[in-house]
Amino acid sequence: MTILRSATSATSAPRSVTGLRSAQSKRAIITVLGWSVALVIFFPIFWMILTGFKTETAAIADPTLIFSPTLESYQDVQARSGYIRFALNSVAVAFGSTFFALLLAIPSAYAMAFLPTKRTKGTLLWMLSTKMLPSVGVLVPIYLIFRDVGLLDTRTGLIIIYTLMNLPIVVWMLYTFFKDMPKDILEAGRMDGASTFQEVFFLLLPLTLPGIASTGLLSIILSWNEAFWSLNLTSSKAAPLTAYIASFSSPEGLFWAKLSAASTMAIAPILILGWMTQKQMVRGLTFGAVK
Amino acid sequence: MATLQLRNITKRFDDTEVIKGINLEVNDREFVVFVGPSGCGKSTLMRMIAGLESATDGDILIDGQRINDVGPADRGLAMVFQSYALYPHMTVEGNMGFSMRLAGVPKEERRAKVLEAAKILQLEPLLDRKPKALSGGQRQRVAIGRAIVRNPSIFLFDEPLSNLDAALRVQMRIELARLHDELDATMIYVTHDQIEAMTMADKIVVLHDGVVEQVGSPMALYHHPCNRFVAGFIGSPKMNFLPVTLTGVTPDGVAIRLPGGGQRSVPVDGAHLDPNATLELGVRPEHLVLDEQGPLSGEIKVLERLGGQTSLYVQMDDELITIMADGDVAYRVNDTVHFGFAPERAHLFDAGGQALPSLEQHPLAGLTRHDNRGPSSPSEEPA
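Top line first, the protein sequences correspond to chains A and B. Just so you know, the numbering used here puts 260 at position 260 of the first sequence, and the rest follows in order with no gaps. Just so you know, the numbering used here puts 1326 at position 326 of the second sequence, and the rest follows in order with no gaps.
It is possible that part of the hints are untrue.
[As the list claims (entries may be wrong)] Label-pair restraints from in silico Cβ distances: (1) 1105(B) <-> 49(A): 53 to 63 angstroms; (2) 1130(B) <-> 126(A): 45 to 55 angstroms; (3) 1193(B) <-> 272(A): 48 to 58 angstroms; (4) 183(A) <-> 1064(B): 28 to 38 angstroms; (5) 1319(B) <-> 126(A): 25 to 35 angstroms; (6) 26(A) <-> 1128(B): 21 to 31 angstroms; (7) 206(A) <-> 1063(B): 34 to 44 angstroms; (8) 126(A) <-> 1163(B): 35 to 45 angstroms; (9) 1130(B) <-> 140(A): 53 to 63 angstroms; (10) 1063(B) <-> 205(A): 48 to 58 angstroms; (11) 1105(B) <-> 126(A): 44 to 54 angstroms; (12) 1130(B) <-> 141(A): 47 to 57 angstroms; (13) 1013(B) <-> 128(A): 24 to 34 angstroms.
Source of the hints: derived by calculation from the structure; they are not laboratory data. Glycine is no exception: its CB is placed at the ideal position from the N, C-alpha and C atoms.
Take these sequences, add in the hints, and give me the full structure.
And the structure:
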């Protein structure tokens, strides 16, 4: 027995060492690649934050990392318009639309995941295909409708648009999470006397919470960053931070430092939220893949 | 307590008929096992009884009431799933009390009932744990506990032991049988494992391709299988089948010629046999006896010594015959062995696979598991 064991370890040892080495080098390559991609993606944001702390003249001078930082731009930006008002609009619109998107998507994803028909796959694809439609194609009709029903420049209007805009993605994501849920558990609940609502509320939602949370976060981020509809459908009362940033690229000229300062302030909340929840996000987004 | 009747139940998924008109009676307090190979429809049948699947046609009756249109929770049944299907985010107590929580039972009453069930299953120390902190056997017991607290008229078990290791399976088998005696409830149990069926059932229902092949007590199925499928499915190792030639029919049985040329008369009813009928002989491995004068012979290809018994795999023409012999037989591989069988232990099947009925019933054929307990059964004593 001992002889046998030492014999097998002797033959398998060199193989495992080379295996280890190739695994190590593979990991090193992936790490370098990962960091490179991350840096390329992050660089514009980094440059924007840096520019926000420059004076307007330094901002348009030759790019340099060495300069004397100043809060001048931030003060100017703050003096010119109320950041808080725009930020509150952004919060209300992003969270509001996400709430309603989840409210509509959970029942529909439930139906599609657990009571599929022959047309379920088609419906899902059709929903996703609406995302391919260029928004500008429907801008005029929606603008006219909004004007006629008095939704122009209202938070309600934006919430409606964003809810509809994110609904396909939210339904798709929830559908995949629900699909991964063992059916037996819901059936056990049904045997225990749960109504459909109780089944969803007591079993499905608690068990798919990580997925729902990451879906919600994605929806918040998408709504927060959305600029097309917010610029076209709002002007002052309901304008979110995207409109706030855009207001700094004005006919008077482009003020890079102020624009950067405003942008930094606009993305800061969502950046921090994303950072705090990144574990949750990654887990949610790769939930189906790693299983 | 409860009886269950299935009347001409069929189930169709799109164009495939998976259950093809099943009729069945389950008596009060009976332990009925649905057994069959995978894909035979046994789980679908159980899910229809549970109400998780609707029947395409036919009636399901509990205590004489048609319940086809009653929801799963209102049928008075409880089901134990193969995967246990515990609620992972709830404690053992939460799992077991969930049905009562939904029904709005007050907390104290809930706890009392859960404790009562936990006591039967020895789960008391685990009530605060979550399912992931339990072993397979413990999870299984929680799943059973969840069924018990509902105080159902019929328990349904869907392959509950297939996720357990062999030792635990034997233990849970005994525990389930004990539970049946203790709860005195009607139980329906689905399995593909004929040993589970033989050991626990009062009545076995053998299913194959969506039809009932045979219903009967374990011993009746073992001694009097009605066709080749049941004969091959019940009993382990599998029954041996040999082509034989019909030589004559007498009131005492059917005379046949064996592959080696030997003659035997098997005591079965051959009155309706066509004189040119092709027949197949079936003898269980444990009923083949090594015998120098035996009419059959062949070369040992594989020999498995289990200690108490030895399995011999013997090549006879095209057939590999299994013989369960004594543990101490001195044969080796490639030896030629001679063997025979007692004619009353043999079965004959016609060309359609139907068994020719035995002329005499086996004395134990009517026995159920309950009869094994004898007159002074423990469950009849006051608790």
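Consistency of the hints with the structure:
1. Distance hint for residue 1105(B) and residue 49(A): a CB-CB separation of about 58 angstroms, consistent with the stated range 53 to 63 angstroms.
2. Look at residue 1130(B) against residue 126(A): about 41 angstroms separates their beta carbons, and that is not inside 45 to 55 angstroms.
3. In this structure the supplied range 48 to 58 angstroms holds for residue 1193(B) paired with residue 272(A), their Cβ-Cβ distance being about 57 angstroms.
4. With their beta carbons about 32 angstroms apart, residue 183(A) and residue 1064(B) fall inside the hinted range of 28 to 38 angstroms.
5. Between residue 1319(B) and residue 126(A) the beta carbon distance is about 59 angstroms. The supplied range of 25 to 35 angstroms is therefore violated.
6. A C-beta distance of roughly 45 angstroms is found between residue 26(A) and residue 1128(B), which places it outside the suggested range of 21 to 31 angstroms.
7. Against the hinted window of 34 to 44 angstroms, the Cβ-Cβ separation of residue 206(A) and residue 1063(B) comes to about 36 angstroms, which satisfies the hint.
8. Checked against the hint of 35 to 45 angstroms, the pair residue 126(A) and residue 1163(B) passes, with Cβ atoms roughly 40 angstroms apart.
9. Separated by about 56 angstroms at the C-beta atoms, residue 1130(B) and residue 140(A) satisfy the suggested range of 53 to 63 angstroms.
10. Roughly 37 angstroms separates the CB atoms of residue 1063(B) and residue 205(A), a value that falls outside the hinted 48 to 58 angstroms.
11. Separation of residue 1105(B) from residue 126(A) is about 45 angstroms and conforms to the stated range, judged on CB atoms against 44 to 54 angstroms.
12. Between residue 1130(B) and residue 141(A) the C-beta distance comes to about 53 angstroms, which sits within the given range of 47 to 57 angstroms.
13. For residue 1013(B) paired with residue 128(A), a C-beta distance near 28 angstroms keeps the hint of 24 to 34 angstroms intact.
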